[in-house]
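Engineer: In order, the protein sequences belong to chains A and B. In terms of this note's numbering, the first sequence opens at residue 127 and continues consecutively. In terms of this note's numbering, the second sequence opens at residue -15 and continues consecutively.
Hints in this document: simulated from the structure, not taken from any laboratory. In this text the structure is predicted, and so the values were computed from the model without any measurement. Keep in mind that the hints are not guaranteed to be accurate.
As the list claims (entries may be wrong) - Far from chain B, some chain A residues (derived; all Cβ distances over 10 Å):
#1 Q159
#2 L191
#3 A192
#4 A228
#5 L229
#6 K237
#7 E261
Stated by the list, open to error - Here are the simulated EDC-like cross-link-like pairs (lysine to aspartate or glutamate), alpha carbons at most 20 Å apart as the crow flies:
#8 B:K34 to A:E280
#9 B:K50 to A:E280
#10 B:K189 to B:D99
#11 B:K228 to B:D140
What the hints assert, rightly or not - Reference excerpt, derived from the structure (chain B facing chain A, CB under 10 Å, subset only):
#12 A2
#13 G87
#14 Q113
#15 E121
Yeah, the Cβ is synthetic: ideal placement off N, Cα and C, and Gly gets one too.
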Amino acid sequence: MDFQSLVDLHYAALYRFAMSMTRTESDACDLVQQTFLTWAAKGHQLQDTSKVKSWLFTTLHRYFLASRRRSTRFPHLEITGVEAELPNVEPDQVRHLNAQDALHMLSQVDKQFQAAVALFYLEDYSYNEIASILEVPLGTVKSRIARGLAQLRELVLNKAAPPGKATGGTT
Amino acid sequence: MTSSEAREILLLYRAGTADAADTEMAEALALARQDPELGRWFEQHHAFQKAMRAGFRQIEVPAHLKASLLIQKPAQRTFVTPQVWWRRPVWLTAAAAVLLVLGLIGAWLKPRVPDRFANFQSRMVGAAQLAYRMDLETNDMQQVRQLMASRGAPADYDVPPALEHLQLTGGGRLTWRSNPVAMVCFDRGDKKMLFLFVMKRSAVKDPPPKTPQLAKVRQMLVASWTLGDNTYVLAGPEEADFLKKYL
Chain A
127 MDFQSLVDLH YAALYRFAMS MTRTESDACD LVQQTFLTWA AKGHQLQDTS
177 KVKSWLFTTL HRYFLASRRR STRFPHLEIT GVEAELPNVE PDQVRHLNAQ
227 DALHMLSQVD KQFQAAVALF YLEDYSYNEI ASILEVPLGT VKSRIARGLA
277 QLRELVLNKA APPGKATGGT T
Chain B
-15 MTSSEAREIL LLYRAGTADA ADTEMAEALA LARQDPELGR WFEQHHAFQK
35 AMRAGFRQIE VPAHLKASLL IQKPAQRTFV TPQVWWRRPV WLTAAAAVLL
85 VLGLIGAWLK PRVPDRFANF QSRMVGAAQL AYRMDLETND MQQVRQLMAS
135 RGAPADYDVP PALEHLQLTG GGRLTWRSNP VAMVCFDRGD KKMLFLFVMK
185 RSAVKDPPPK TPQLAKVRQM LVASWTLGDN TYVLAGPEEA DFLKKYL
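Chain A on its own, in the form it takes in the complex (with noise of 0.2 Å):
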């Protein structure tokens, strides 16, 4: 495969990562830069054609961190008890959700959770797959989804709720 039917299959699927996780487009668009670049000068590395697509999301979440000099490690969260503070979402609470909703509340999410609520929402990665993007265990992934999730779904009962009235209560 030449580096044109690579950023043809890749492109796109990389840049909604980067967005997810930057919020603005020249940020994304650096990162996807700055992925593709290393992928000319380093790609030829990689022996296994199959993981093309996880190296590239990889090093673009690598380059990620660096930027953010993010480099520590986040404590793994147990999954345990996050089903406990779900507040129940109605269908109609995000029937007309559009991408720019999705990125703002994503924002809000906290930082550490973010990266893997977009691979989640974003790709059909499994999670061990997701775990091996992140380069963190698959406990570590699957917490940060679930916790990621109960934020959103906070956020979407903030957003749907008149100012002034509390969100809804837990299930």
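Take the given structure of chain A and dock chain B to it, following the hints.
Structural biologist: Frame of chain A, contents of chain B only:
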């Protein structure tokens, strides 16, 4: 499995993916079909997941991104795959030699045709927006000129007097259709950049006139002109009196 445990598991369920193949997930799904309360919760959660997923997938990709990615020709462009006989070094060397000879013959026979200025201008704006990387960070114009001279790019360029009052941040050597291009970067004063691109006028068949021409290209203002042997493109963020301020 309790209803509470099933909710924890179903929280991570994504319809239409391999998630359903997971045994725990399958068990939780079965329980949701039997337990009305859990089933209602799951229905709501599914609607939420569907809407969020659709929201994320609506993120628009900038139209210029792909072109910008393809601007810079990477040196390494192919995967390394398990070697087959025709990919062994001896055959590759022979094939490369034949291609090289054919290429040289083709290049020799075909007269070099300079290309259109509009394409150069558009590519440079693309570089300014995304793909540029300064080879040298300095506020010393002499160092930038030395860099360009050492790398075969125009070094004898004229910097408009108004630009000389701005903060020089550095420069880089780019290429356009194998022609070296000098890129000189200025800080406008508010951390927004102005880019001066200089290339030999002979590289394009329709260089701009001596009087600067103003155009808007990909959300940037671009002034272009030709002076002496060089063709110039000045690109920066949109603002009033662009020509008057900088040229």
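Engineer: Decide, hint by hint, whether the structure agrees.
Structural biologist: So, going through the hints one by one against the coordinates:
At roughly 6 Å from the closest C-beta of chain B, the C-beta of Q159 of chain A falls inside 10 Å, breaking its exclusion from the interface. Once the 10 Å rule is applied to beta carbons, L191 of chain A is consistent with being away from chain B; the minimum gap is 20 Å. Residue-level check passed: A192 of chain A sits 16 Å from the nearest beta carbon of chain B, beyond 10 Å. The beta carbon of A228 of chain A sits about 3 Å from the closest Cβ of chain B, which is not more than 10 Å, so the claim that it is off the interface is violated.
A beta-carbon of chain B is positioned within 10 Å of the beta-carbon of L229 of chain A; the least distance is around 7 Å. Once the 10 Å rule is applied to beta carbons, K237 of chain A is consistent with being away from chain B; the minimum gap is 17 Å. Residue-level check passed: E261 of chain A sits 20 Å from the nearest beta carbon of chain B, beyond 10 Å. Distance hint between K34 of chain B and E280 of chain A is fulfilled; the C-alpha atoms sit about 16 Å from each other, no more than 20 Å.
Our distance criterion of 20 Å between C-alpha atoms is broken by K50 of chain B and E280 of chain A, whose separation comes to about 36 Å. Distance check on the hinted pair: K189 of chain B and D99 of chain B sit about 6 Å apart at the alpha-carbon level, within 20 Å; holds. This hinted pair does not check out: K228 of chain B and D140 of chain B have alpha carbons roughly 23 Å apart, beyond 20 Å. The interface hint given for A2 of chain B holds, since its Cβ lies 6 Å from the closest Cβ of chain A, which is under the 10 Å cut-off.
Interface hint status for G87 of chain B: violated, as the beta-carbon distance to the closest one in chain A is roughly 17 Å, over 10 Å. Interface hint at Q113 of chain B: satisfied, since its Cβ lies 8 Å from the closest Cβ of chain A, which is below the 10 Å cut-off. Hint status for E121 of chain B relative to chain A: violated, with the closest Cβ pair at about 17 Å, above 10 Å.
The structure shown violates the earlier hints numbered 1, 4, 5, 9, 11, 13 and 15.
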